[in-house]
Amino acid sequence: MLNAINAGDMPPPKKPQLSAEEKTEFLADLSETLVIARRIHADTGGEIKMRRLNQREYANTMEVLLGVRPVVDGLPDDRAGSGFDTAGASLYFSSSQFEQYVVIARESLEQALGQDDAIPEQTVRLEAERGGLSREAYQNRLDTYRDEAERSKRFNSDPNASFEEHGFKSALRARLAGKTAGRMIPVLESYVQRPEVEHGTLMWAILGQGAFKLGTPRIEPKPQEKYTIRVRAAAYPDVPSRFHYIEFIASNPVEKTVRVLGWRKVKASVEEPEIIEFPATAVVGEPTAFFIRNRSHPKGSKNDGAIYRAKGMLHTPPGIWVDWIEMERSGRPNGPTAEATDIFFPRSEDQDERSYAREVIKRFATRAFRTVEPTDDYLDKLVQRFEANRGKGQGLHESLLQPLSIVLASPSFLYMVESTGNERLTDPELAVRLSYFLWSAPPDTKLRSVANEGKLSDPEELRRQTSRLLSDQRADRFVSDFAYQWLGMERLGMFPFNTLLYPEIDNAVMENSREEIYQMIRHNLNEKRPLKHLLKSDYVLTNDIMADYYGMDPVEGHEFTKVSLPSNSPRGGLLSTAAVLAMGSDGTRSSPVERGVWVLRHILNDPPPPAPPNVPQLDRIENVFQPARDKVKAHQEAAQCTNCHRKIDPIGYGMENFDAAGLWRVEEVISARVGKRTKTEAFPIDPSGEFATGAKFEDFGGLRDIVADHVDDFARNFAEAIIAYGLGRPYGFTDHELAEELIEKSKPSEYALDQFIHALIQTETFQSK
Amino acid sequence: MSKNSFNRRQFLASSRALIPLPFLESFMSGPTAAAAVASEPAKRMVFLGMGFGVTQSTWFPDVNSVGTDYTLPEGLKPLARHKGDFSVIQNLYHQYSRGGHSGSTFWLTGANQYGVPGKSFHNTVSVDQVAAAQFGLKTRFSSLQLSGKKLEGAGSGHGPGLSLAWDHSGKPMPAYESANATFHKLFSNDNSPLEEQKARMAEERSVLDTVLADARAVRRRTNQSDHEKLDEYLESIRDIERRITKEEGWLGVPRIQPDKPVKEPGDSLNGIEEIRVMYDLMAAALQVDATRVITYRMPADTLLQSLGASETAHLTSHYSERGGERKTISQKRDRQHSIMLAEFFDKLKASTEPDGTTIFDNSTITFGSNINSMHTLINCPTLVAGGGSGIRQGQHLVMKNSRTPLCNLWLTLLQGSGIQADSFGDSTGPIEGLFG
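Protein chains in written order, with my numbering: chain H, 1 to 769; chain C, 1001 to 1436.
Simulated from the structure, these hints should not be mistaken for laboratory data. The beta-carbon is built from N, C-alpha and C at its ideal position, and this holds for glycine as well. Be careful, since some hints might not be right.
[As the list claims (entries may be wrong)] List of simulated lysine-lysine pairs, PhoX-like, C-alpha gap at most 25 angstroms:
| # | chain 1 | residue 1 | chain 2 | residue 2 |
| --- | --- | --- | --- | --- |
| 1 | C | 1150 | H | 302 |
| 2 | H | 745 | H | 532 |
| 3 | C | 1327 | H | 302 |
| 4 | C | 1198 | H | 392 |
| 5 | H | 631 | C | 1327 |
| 6 | C | 1332 | H | 676 |
| 7 | H | 299 | C | 1332 |
| 8 | C | 1138 | C | 1185 |
| 9 | H | 679 | C | 1327 |
| 10 | C | 1327 | C | 1077 |
| 11 | H | 256 | C | 1150 |
| 12 | H | 302 | C | 1332 |
[Claimed, not checked] Computed, partial: chain H to chain C, Cβ under 7 angstroms:
| # | residue |
| --- | --- |
| 13 | 50 |
| 14 | 89 |
| 15 | 90 |
| 16 | 300 |
| 17 | 378 |
| 18 | 381 |
| 19 | 406 |
| 20 | 412 |
| 21 | 419 |
| 22 | 420 |
| 23 | 730 |
Extracted from the complex, chain H is given alone in its bound form (with noise of 0.2 angstroms):
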């Protein structure tokens, strides 16, 4: 009905119509009510369903389990859904799958078991001014601009030359040679004279050369293995921040992939120049070579290089020289990694090998299963495996591998099976239920031997656990799987950035961005700060990269840490971070209703209903000249729009300050396309609003101000999010008052976010089948 009403089939042409004031308000009630019924659809009446491990967990324990990570791109990605990923209901199984675990399984426990040979330490060193880095190189390059020009002088003095006697291959290059290098040989001849680069070379892109990229041999990665790439460089003043970065990347010759590994920042001087040292990750199976390069553009947007040509320059500003670059192999023993000792126990002389094998796998499963041990009629059919194998001539271990693998992919490991019988969870089961809401990982020793001693169960220590677990290392996997799920990040990275417009938006913001928010989420956390200082507050987490990239004084180091701000800054809260600004643009404008919509459904909890799916876009106002406030104007034409939009839009206009990478503005500049030429206009930016309740501002200050003051709002939105998530079931109305009680127990602390998940952690619900 709604979507009819909208569409305007509903009611028929030929009955009396409503008017448009009408329509907006039923519009408005009747798309409230349907959020509301989708909630109760989605009910699952509280109960908690036995769930699959989803791909992280499966990561995270095959780690645990083995001390080797498994790849898992081929599994499916469990976030891709809505909701979250620890929803049981949603998590499916295929026969594909099945198949997937157990070649990962055997893949995972012969990388552990260290059937591969030995690896010796290894260092390579290699000097960067090699090939077409060398200064030999640019002084041929310089020599060939100069020939050119003298000949392309000679060409042009001469009215009756022939292109051909002057070695150019038409008379158009023969003319204007001249031209592109009488402006390259004063930038080569300047980098031949820069003493450095007689041991060294600059990183920079140069015009034909490509972009600068320095490598290290290819190597085959072997587990267990670790890698340290260093650089020997040296950074240059007086050019953009950006430029004094240098980008780690691991490259597959063989695919031609690339991740992009990290950045870190180059201070010393050309005089003192420093050792820059950086861990770097390899994927076993994957050939590897190991690359420095300047700061990238994500796939789909524009690289420096082009950007400087766009601009009409014949290089990217010079902000580094190097000297060498090396790579360290940490080499590995032949042994089995620590996690896989224990697998291949020593067998004692009057064990015969069968009930050796029956007691390796009976060992192995009974980890693997959580602490439940596996039965009879089961472990009968591996040990079968194992003689099959055997059989086959394999070797006693090499036997032992496949029922290993196939332990990896039965029901009792890739689910978390609770018990039936007692409606309260065995304290083991609570141990387990516990570490993968905190550590998305199966409980460690001191939380397994907790629960075995029947301790679990107290709530005194319940809570220690809690605290311990929360405060471990480990809990940043659910710091950060949980806010990009919890605050709708996989919008960040959808829309490439248009960089001509926006340079400074590159691969080190687009991670680092994503990073501050989980950083400031884990502050928070681990100090206990209140709730509200997500929204507003007097600093920020940030590292060299994002200072950089606000224009905040320089900050040391590629660690994030908190930095107080001045009193008339606007950073300081989630709203006006990077990642938060940058998912509501479409990569080229700032969109204020994607802003509003975000911090409707994500900080006031106040989820507008989804846009009718067949609204024509705004097509009348593309490519016309008008402020993105103006613009937004038009969804208030139609009666069926502006019930939701006059809620919506306005929030956003109070974040129009900043364009759409996130960067302050006080004008929005529009640029494009007119026939051939592009045009350029400018518009004041007008960040006053009024929120359909009546609160006013006139800035952004003021907006962030009213929502900061809606911080109950945002802890209810924490409590419905945290519950679903630590549940493994969408919110539904029966949680109503399982919500209301984390947000009493929390709200004497200021809404700390430790509260709320102590007081869920503590309710019989939680510890409840």
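Mind docking chain C on chain H? Use the hints.
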């Protein structure tokens, strides 16, 4: 163009096509024998999903020019030589679809994502799998799923899923994402001794048997609602068992090679090149009767890249009808799809069957998406070709009801292809206009 009558020249042409193989052996030794000598050629179905939709103003024919006399719009012009052999149908849609970035997830199912309480995602069987349940009995592969690389998600316009196909429990079915892997699956024979192959299958069965022992233990420990979850696991084990049973039936039967051998494709194909090779493989697979049901989820971004676009498929889908670079690219893509589709039709028309008809005559090829254009989910772009379901081709049909279930078309195609089905998804009945 349709060649339903039988003549001697066609018979010779078709028998020549089979000469590379010992004639009798290829007919008598495999489970295809029955099908191949049957008097009526087998029916086939092919579904081609493109993700984000089309350029509204230049892909759809003018709604005022209907019937067989309609004018081909710009986006379909490359198909002109096949104009009498395909139809364009307007005003079909799925009432439950809401995802403006999901052109494929529900395209062949019509399901309601929120149709089951407590679940944030639900899907049902896709039309190709309904067909495969019957057509797949006689071929080595019940169905073949192909897909561009890493297309799951919103960016490509396809939405959640591993292919266009969803199995009978509504679970996503995996696809071959590499032309090379597809090639080997279809045409490379396992040359190891038969006994060894048999032993391998027995071993696979014993693995399944083993995990079932653990599944029984889990079943004993858990309650009724957990059993539903466990059933999903058991169902997937049964799927594998069914596959093994099928493979056992084909043990020792060599894979038939197409009469125009397909070259082994490289592994790094992209965009236009990749789609063309996939089309070649599909045509070859149908020719040798390796399968009768194929779905192909086509690449989006890489296709645009090979057309020289700088923007992604998503941004391109937000083109403006007033013009601009996005619209130009969007139109180029439409034309390119039509060019490749026309080439595919050529191939199917050149493949003759024992009775003298062509594969094209016996196939139903559907090209389209759940997304019309941008985020619009009504009037799904729909092009149906071939003579497999007996519909009258060469027409432009605009459904009177602008909200006609797309599932009505799926039902029509199923029934037309000889599959017993009273309804499909939210269908209200077959589309009579297609036979008129």
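Status of the hints after comparison with the structure:
{"no.": "1", "hint": "1150(C) / 302(H)", "in the structure": "22 angstroms, holds"}
{"no.": "2", "hint": "745(H) / 532(H)", "in the structure": "16 angstroms, holds"}
{"no.": "3", "hint": "1327(C) / 302(H)", "in the structure": "20 angstroms, holds"}
{"no.": "4", "hint": "1198(C) / 392(H)", "in the structure": "15 angstroms, holds"}
{"no.": "5", "hint": "631(H) / 1327(C)", "in the structure": "21 angstroms, holds"}
{"no.": "6", "hint": "1332(C) / 676(H)", "in the structure": "20 angstroms, holds"}
{"no.": "7", "hint": "299(H) / 1332(C)", "in the structure": "22 angstroms, holds"}
{"no.": "8", "hint": "1138(C) / 1185(C)", "in the structure": "17 angstroms, holds"}
{"no.": "9", "hint": "679(H) / 1327(C)", "in the structure": "19 angstroms, holds"}
{"no.": "10", "hint": "1327(C) / 1077(C)", "in the structure": "17 angstroms, holds"}
{"no.": "11", "hint": "256(H) / 1150(C)", "in the structure": "15 angstroms, holds"}
{"no.": "12", "hint": "302(H) / 1332(C)", "in the structure": "22 angstroms, holds"}
{"no.": "13", "hint": "50", "in the structure": "4 angstroms, holds"}
{"no.": "14", "hint": "89", "in the structure": "5 angstroms, holds"}
{"no.": "15", "hint": "90", "in the structure": "5 angstroms, holds"}
{"no.": "16", "hint": "300", "in the structure": "5 angstroms, holds"}
{"no.": "17", "hint": "378", "in the structure": "4 angstroms, holds"}
{"no.": "18", "hint": "381", "in the structure": "4 angstroms, holds"}
{"no.": "19", "hint": "406", "in the structure": "5 angstroms, holds"}
{"no.": "20", "hint": "412", "in the structure": "5 angstroms, holds"}
{"no.": "21", "hint": "419", "in the structure": "4 angstroms, holds"}
{"no.": "22", "hint": "420", "in the structure": "4 angstroms, holds"}
{"no.": "23", "hint": "730", "in the structure": "6 angstroms, holds"}
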